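Chemist: As a plain string of letters, each chain reads:
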Amino acid sequence: MLEKLFPWVSPVNSRSEAKRRLKLILAHDRAGLNPQMIELMRAEILEVVARYVEIDPEEMEFSLESNERISCLMANVPIRRVKAKG
Amino acid sequence: MSRIIVVTSGKGGVGKTTITANLGYSLARLGRKVALVDADFGLRNLDLLMGLESRVVYTAIEVMAGECRLEQALVKDKRQHHLVLLPAAQHRNKEAIDPTQMKEIVGKIALDYEYILIDSPAGIEMGFRNAITPAKEALIVSTPEVASVRDADRVIGLLEANGIEKIRLIVNRIKPDMVQMNEMMGVDDVLDVLSIPLVGIVPDDKRMIVASNRGEPVVCGLPDSIPAIAFDNIARRLEGEKVPLLDLMAAQDNLINRIRRLFQG
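For the protein sequence lines, the chains are A and B, in the order given.
Take 1 as the starting number for the first sequence in my numbering and just add one per residue.
Take 1 as the starting number for the second sequence in my numbering and just add one per residue.
In short, the hints are calculated from the structure, not lab data.
Be aware that a few hints might be false.
[Stated by the list, open to error] If the Cβ cut is set under 7 Å, some of the chain B residues that face chain A in the computed set are: (1) 146; (2) 149; (3) 153; (4) 182; (5) 183; (6) 185; (7) 189; (8) 193; (9) 195.
On a predicted model such as this, the values are computed, not experimentally measured, just so you know.
Ideal Cβ positions, reconstructed from N, Cα and C, are used throughout, including at glycine.
Full structure from sequences and hints, please.
Modeler: Shown next, in the form of structure tokens:
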């Protein structure tokens, strides 16, 4: 109610929302990847990394970003511990 | 060496044709010989916005078929003697002409004119290919709306893939009051997302509709209006002059908006 009367009080303005959504979709558009492919890639990369180190899949961040018209794949994988050899 | 510039956007209805008409006038007024080419076959409107619809006799199709000479098809503007229009065929579709033919016809016009502005149709299909193939430079038109910016980005990618390196942006229909209230993306936001050089900004203005009703571009009918100045500035920047951007936000800096922003924090 308050937000309807005073739209500018709303903490998340539609201007920043528009920009955030655009940046996300353009990173995907530019890379030519659909969400299914991203998910597949995420799962495979996770699998490879998990062969060598113990990771926490819940804590993992995986995203496409775009800067200066170049798409960039960002993977942030916290390692719990390195697996013992053999 | 003439400048061959395509005006394109991906999305329809963002102001390509209006911008082509006005820039054509501005450039002609700066003393340049300008030809406008309507590449929107089947949905031509450039003739209408310029008030030249009753003078159209031949189109690009007849020129190509050898049914008339190029000079016969070029419609001379009523007000600017250095300005001509090559109309698109209205009763044909986008497949009536191909990129090679388009390049040939634009090449012929380039012998006599310093600027050729090609008004591209919306979309990224055949009509778009026809419009971009002859071009050496591109002006991307986008409004500060998500759909328009996304389509603009797609088109920029296609232009780059087609070897057009000089790509510049015009942000059209800015509503300074909405930007001030954070209800619309500002020019800086659009620039940040698209990452291509900016060549001009045009505010949203009711007079643009009045001008189209009359078939008289604002730079011609209302040369002192803000949108007209915006177009003149773009034309001067195309000529290489350094012209500062219009301060569209200045008018919004009144007491009520200051109080509103205070609440906004």
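Chemist: Which hint numbers does the structure go against, in order from smallest to largest?
Modeler: Nothing - there is no hint that the structure violates, so all of them hold.
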